[in-house]
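**Q** From first to last, the protein sequence lines are chains A and B.
If you're matching positions, the first sequence starts at 709 in my numbering and goes up one per residue.
If you're matching positions, the second sequence starts at 234 in my numbering and goes up one per residue.
Just so you know, these hints were derived from the structure itself, not from any lab.
Among the hints, erroneous ones may be present.
[To be verified] Computed cross-link-like contacts, DSSO-like style, restricted to lysine-lysine with a CA-CA straight-line distance of at most 30 Å: (1) B:Lys352 to B:Lys236; (2) A:Lys732 to B:Lys323; (3) B:Lys323 to B:Lys236; (4) B:Lys291 to A:Lys732; (5) B:Lys346 to A:Lys775; (6) B:Lys236 to B:Lys276; (7) A:Lys732 to B:Lys322; (8) B:Lys256 to A:Lys775; (9) B:Lys256 to A:Lys771; (10) B:Lys291 to B:Lys322.
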Amino acid sequence: MNNPASEEEIIDYIEELERQNEFKSELISTSSHQMRTSLTANKWAISMLLNGDSGPINEEQRKLLSKIAENNGQMIASVSELIDINHTEETHPRYNFEPLNLHDLIVDVIEDFHAESSEKDIAVSFDETGENHILIGDKQKIKTVFQALIENALKYSHEGGSIMIHTETGEDEVVISVKDEGIGIPESEQSSIFQKFYRAKNAQKEHSIGSGLGLFSAAHVIQAHGGNIWFDSEEGSGSTFYISIPFPPEEVIVE
Amino acid sequence: MAKILIVEDDTFLQGLAAGRLQKDGHEVAVASNGTEGTIQAEKRGFDLVLLDLMLPEKSGFDVLRDMRDSGDMTPVVVFSNMSDEEEIKKALDLGANSYLIKANFTLDEVAAKVAEFIK
Chain A
709 MNNPASEEEI
719 IDYIEELERQ
729 NEFKSELIST
739 SSHQMRTSLT
749 ANKWAISMLL
759 NGDSGPINEE
769 QRKLLSKIAE
779 NNGQMIASVS
789 ELIDINHTEE
799 THPRYNFEPL
809 NLHDLIVDVI
819 EDFHAESSEK
829 DIAVSFDETG
839 ENHILIGDKQ
849 KIKTVFQALI
859 ENALKYSHEG
869 GSIMIHTETG
879 EDEVVISVKD
889 EGIGIPESEQ
899 SSIFQKFYRA
909 KNAQKEHSIG
919 SGLGLFSAAH
929 VIQAHGGNIW
939 FDSEEGSGST
949 FYISIPFPPE
959 EVIVE
Chain B
234 MAKILIVEDD
244 TFLQGLAAGR
254 LQKDGHEVAV
264 ASNGTEGTIQ
274 AEKRGFDLVL
284 LDLMLPEKSG
294 FDVLRDMRDS
304 GDMTPVVVFS
314 NMSDEEEIKK
324 ALDLGANSYL
334 IKANFTLDEV
344 AAKVAEFIK
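Turn these sequences into a full structure, and let the hints steer you where they fit.
**A** Below, the structure is given as structure tokens:
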């Protein structure tokens, strides 16, 4: 079943991913600019009504219009955010998809955090008994995702705690988990972690997690690879973050 | 009171901007695509052009380039929802006098900006 993919098949797959990625960026760019234009027209029309340019309005109408103006402003902020993010992806060095060795990559990142983990006396362990995979992805960007997760885990772990990294092979994807025993994420804040995508810049800055790319960008990178990112967390007992990365059509199993 | 050309394909937005500028006493002409924008601009006689960039048929960049290439130095205020630095730089390099990101401005602010360029 798991016949090694030929180099040609892998290249075809990469090219297809790149085409899809480009198409998606263009679609987002066009539609978000259209949305922003319509929302701007709404903003202008609402403010004319509020200014009384088309006749006096009563207090209740004013309240309703103010609410509409506020919602409209939030939508403009969200769409602007979307435009910026999409633009960042378009102008960043393109995703450089290549075969990458999952286990090697994880081991590399753990080593990068050796100083930090020793300092807090936190044991970072990687369960290497899970099946290794050669995935197709951008090595540097996937690395930054693991860095963000491990950095967060270290940041929110108690001294002397432990962090466990585990991989699990599914039918068409591999799921990597990073589990800590740290402070966890309060239930009330859990939904906002990935909602950042839809938030204004100021909110994002205030709640930014991690010094590097953070979860928001991590999600962005993982989605660009066709995967998902999610988590389980309980306040006071820790968090587990999961990333799934799909296999290329016929993936190569490393002996 | 000045003569202003608005080149904007979103007719709702175009109407709002035109109405606002007329309120200030300006005489306003409108164009809904780039080709029409150039035809209007070539007639000259405008004191200012309010120019969108993403336009059907011919982009605002091209409208602006053609104006400057033909020696038309009428003040051009770009008002666009494109907010990328490259686009802003490109428009300014082509000779735009000002660049407004629509979503960041109110109509009153747009009108105030227009007033800055009218003697």
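**Q** Would you mind confirming whether the straight-line C-alpha gap from Lys291 of chain B to Lys322 of chain B stays at or under 30 Å?
**A** holds (19 Å)
**Q** Would the pair Lys732 of chain A and Lys323 of chain B pass a check requiring their Cα atoms to be no farther apart than 30 Å?
**A** holds (25 Å)
**Q** Would the hint linking Lys732 of chain A and Lys322 of chain B be met if the CA-CA limit is 30 Å?
**A** Holds, at about 26 Å.
**Q** For the pair supplied as a hint, Lys236 of chain B and Lys276 of chain B, is the alpha-carbon distance within the 30 Å limit?
**A** Holds, at roughly 12 Å.
**Q** For the pair supplied as a hint, Lys256 of chain B and Lys771 of chain A, confirm whether the alpha-carbon distance does not exceed 30 Å.
**A** The hint holds at about 26 Å.
**Q** Is the straight-line distance between the alpha-carbon of Lys291 of chain B and that of Lys732 of chain A 30 Å or less?
**A** holds (24 Å)
**Q** Run the distance test for Lys346 of chain B versus Lys775 of chain A: straight-line Cα separation, threshold 30 Å.
**A** holds (27 Å)
**Q** Between Lys352 of chain B and Lys236 of chain B, is the straight-line Cα distance small enough, at 30 Å or below?
**A** holds (12 Å)
**Q** Given the hint that Lys323 of chain B pairs with Lys236 of chain B, test it: the Cα-Cα distance must not exceed 30 Å.
**A** holds (26 Å)
**Q** Next pair to validate is Lys256 of chain B with Lys775 of chain A; report whether the Cα-Cα distance is within 30 Å.
**A** Holds, at roughly 26 Å.
The structure agrees with every numbered hint stated previously.
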